[in-house]
Each structure stands twice: as C-alpha cells, then as structure tokens.
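There are 2 protein chains.
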Amino acid sequence: MNNQDLERLKSVIRDVPDFPTKGVLFRDLTTLFKDGEALHIVSDELKSLYTGLGVTKVVGIESRGFIGGSILAYELNAGFVPLRKPGKLPAETIKKTYNKEYGTDTIEIHTDAIDENDIVIIHDDVLATGGTMEAAYELVKSRNPKKIYINFIIELSFLEGRKLFNDDVDIKSLIIY
Amino acid sequence: MNNQDLERLKSVIRDVPDFPTKGVLFRDLTTLFKDGEALHIVSDELKSLYTGLGVTKVVGIESRGFIGGSILAYELNAGFVPLRKPGKLPAETIKKTYNKEYGTDTIEIHTDAIDENDIVIIHDDVLATGGTMEAAYELVKSRNPKKIYINFIIELSFLEGRKLFNDDVDIKSLIIY
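Quick mapping for you: the protein sequence lines, in order, are chains A and B. This note's numbering numbers the first residue of the first sequence as 174 and each following residue consecutively. This note's numbering numbers the first residue of the second sequence as 174 and each following residue consecutively.
FYI, nobody ran anything at the bench for these hints, they're computed from the structure. Be aware that a few hints might be false.
No copy is singled out in the list; a pair is fine if it fits within one copy or between any two copies.
[Unchecked claim] Below, simulated BS3-like cross-link-like pairs (lysine-lysine); rule was C-alpha separation at most 30 Å, straight line:
hint	residue 1	residue 2
1	Lys320	Lys195
2	Lys261	Lys183
3	Lys261	Lys220
4	Lys195	Lys273
5	Lys195	Lys314
6	Lys183	Lys268
7	Lys261	Lys320
8	Lys195	Lys319
9	Lys269	Lys314
10	Lys273	Lys345
Given the sequences, and given the hints that come with them, work out the whole structure.
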C-alpha cells in the first residue's frame, strides 16, 4: 500500500482508550468502515494481496471479520464462510475451544463449508494475541484444504500474535501498529 | 431478478427443520454464501435495486446482516455501519430494546454513524416477524437521515413482518417464501 493510502486509513481509525477493559487502547474500525472511500481503499488493498492465487473460499470470524471477509470473497469471486460462536450454525459443525485471558471461548464451522479442493483465506479485522485465529486455523486445517492464507486489516505487533503460528504460515496485515 | 437466477439461488439455500427451535424451518443462507457464483448473483441483484439513489451508508444487523450489507456498501461506494448487540461498540451509542417471542433483545448503533445528510439502506439476511428490523429502523430514523430503505435477501411472507411498517416505508426482498 502506498503511504498516502496508509495515512488516509490511519486517519479514520478511532482510538478508544480503556475498551473493552481498562488499560487497553482499542483500534476502532467502525469509523473507517462508515467512510465509503476508506472502505474501498481497504477492500481493494485486500484484493490486491490475493489476486491470482486461485482462492475459492474466504472464512470470516464472527462478527467483525464478516465485514472485510465478505467483501474480499465477493471481489475474488470466491465463496464466503462464516466461522461462528456456538449454537448459531444450523447444520453439522466441528468446534474448537481455546483459552482467552479470562476463561475460554469456542468457535464453530459447518463441516461442509470447506473441502480438500479449496484454497482458503481466513480473515479477521485485528490480530491481537492471536488465540482466536489460531483456533480458526486449526478448524479450517482439519478440513484439509490445499492452502490456507491468514489475513488481518490491523496487526498489533507488540502483542506478538504471529508467534502462535509456524514460520511457513502465510500471514498478511494491511496496517501494523 | 430473472427466473433462472432465482431458481439458482433457491437451489443453494438449505432448509434445516427444527432450527433454532422445534417446528421452525430455517432457511440457511450459508450454503448460498459459500458458493462464489451464487454470492455474486445475490450481490449484483442487491446492487441493481439501489443503484442511482445516492445511498451513502449501508447498515448491517449483527451478525448475518454484515455479510450482504458490507458487500452492498462496497458495491454502492457507500460506507458500512454495524448495528450490534449491547456492549460491542466502543464509542457513544444509542440503543433500542424490543420484544421477541421469549423475552427481550437490545441493539445498538454509534451515535456518530448516521447523520442528516445520509441516505441509508438497512440490510438483514431474513425478514421473519420483523421485530429486529423495526427496532433497527427506529434507531436509524432517530438520526434523521434524508431517506431510509429496508432490504432483505429472504422474506418469509407468511410471518407478515411487513405489517410492522407503514405503507410508505420502502422494503425490498430478493427471495420471497
């Protein structure tokens, strides 16, 4: 991404102190998404990262990952697959429980959402500590797709979420703090 | 929409009996969204309904409404605004509590998400009894935009959700059961 676009995007991300808990500086993308021009810049930058790779499915993590993920699927002529909280998907699922700072969380995917012919991007809005994406990656990997790419709009590099993944996992972020 | 496209879309919607509760036939759009060609047909049909109307914001209702809503925003060069469950939006919000079959539910929108210069589409995946969309409509209307359109992919017409709205409210659905 060129510097002008990067600065344009950063200028519409809202910093919210102490959300969701005290001491956390939350990078709020709603002020970017509501700006039609900024939404287009993000969408076209995402597309440019993955054009020509034969991507067949984009998996979005509930619920903020549905926004960029579904636009990216549309742009790449791929299908969109929601990865959801427990009990929300109506057909047969596989699930994964993972540790969070306090307690655990669980995510689910339909068993028929991904198969071994797929080339998949898993998308979420922000990479923080990485626990949710690690669980998502393991769920998708269990369906044996040909290839998995991981994508974020924002990466909070000081939280070192990348360290949860092997070096050969392809992880790309548009904006790094 | 031409009949061929309509039949193509209907053929990839999965009917799930007794979800989320016994006696309900759930129209599952995940099997449509994961089909890149079907996702494109839906997206382009949505776009064709609202092209040339000067739409500036598309509001998607958490979380399934984020999928079609964000693609539609992208296609119309509009911004995307998430309408979320309580406690998820980090800045100042207004909220609305509404009745459901059992108990109540609440949705929120950022106070700065919509203003009086906006022309807005509120999008959700399915119109059932209409309670959620009615609350969403009142929330958006309280921000005094120039115009509000309401859109669904699927309308379950036998549940008569349209009756909650005045006749002058513009409600469009792609697929009616």
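Q: Since the copies are identical, ignore which copy is meant and state whether Lys195 and Lys314 lie within 30 Å (CA to CA) inside a copy, between copies, both or neither.
A: neither (35 Å within a copy, 33 Å between copies)
**Q.** Same-copy or cross-copy closeness of Lys261 to Lys183 [CA-CA at most 30 Å]
**A.** Between copies, since 21 Å is at most 30 Å while 33 Å is not.
Q: Evaluate Lys269 and Lys314 at a C-alpha cut-off of 30 Å and name the case that applies: within, between, both or neither.
A: So Lys269 and Lys314 pass the 30 Å test inside one copy only (12 Å; across, 40 Å).
(Q) My question is about Lys273 and Lys345: at a cut-off of 30 Å on alpha-carbon distance, are they close within one copy, between copies, both, or neither? (A) The answer is within: 23 Å in one copy meets 30 Å, while 41 Å across copies does not.
**Q.** Within, between, both or neither, where Lys320 and Lys195 count as close if Cα-Cα is 30 Å or less
**A.** Classified as neither: same-chain Cα gap 39 Å, cross-chain 39 Å, threshold 30 Å.
Q.
As a check of your reading, is Lys261 near Lys220 (CA-CA no more than 30 Å) within one copy, between copies, both or neither?
A. For Lys261 and Lys220, the Cα distance is within 30 Å both inside one copy (29 Å) and across copies (28 Å).
(Q) If the cut is 30 Å between Cα atoms, do Lys195 and Lys319 qualify within a copy, between copies, both or neither? (A) neither (42 Å within a copy, 38 Å between copies)
Q | Lys195 and Lys273: within-copy, between-copy, both or neither at 30 Å Cα | A | within (17 Å within a copy, 33 Å between copies)
Q: With 30 Å as the alpha-carbon cut-off, assign the pair Lys183 and Lys268 to within, between, both or neither.
A: Answer is between: at 28 Å across copies they meet the 30 Å cutoff, but 35 Å inside does not.
Q: Since the copies are identical, ignore which copy is meant and state whether Lys261 and Lys320 lie within 30 Å (CA to CA) inside a copy, between copies, both or neither.
A: Only inside one copy: Lys261 and Lys320 sit 26 Å apart there, 32 Å across copies, limit 30 Å.
In this structure, the earlier hints numbered 1, 5 and 8 are contradicted, and the remaining ones agree with it.
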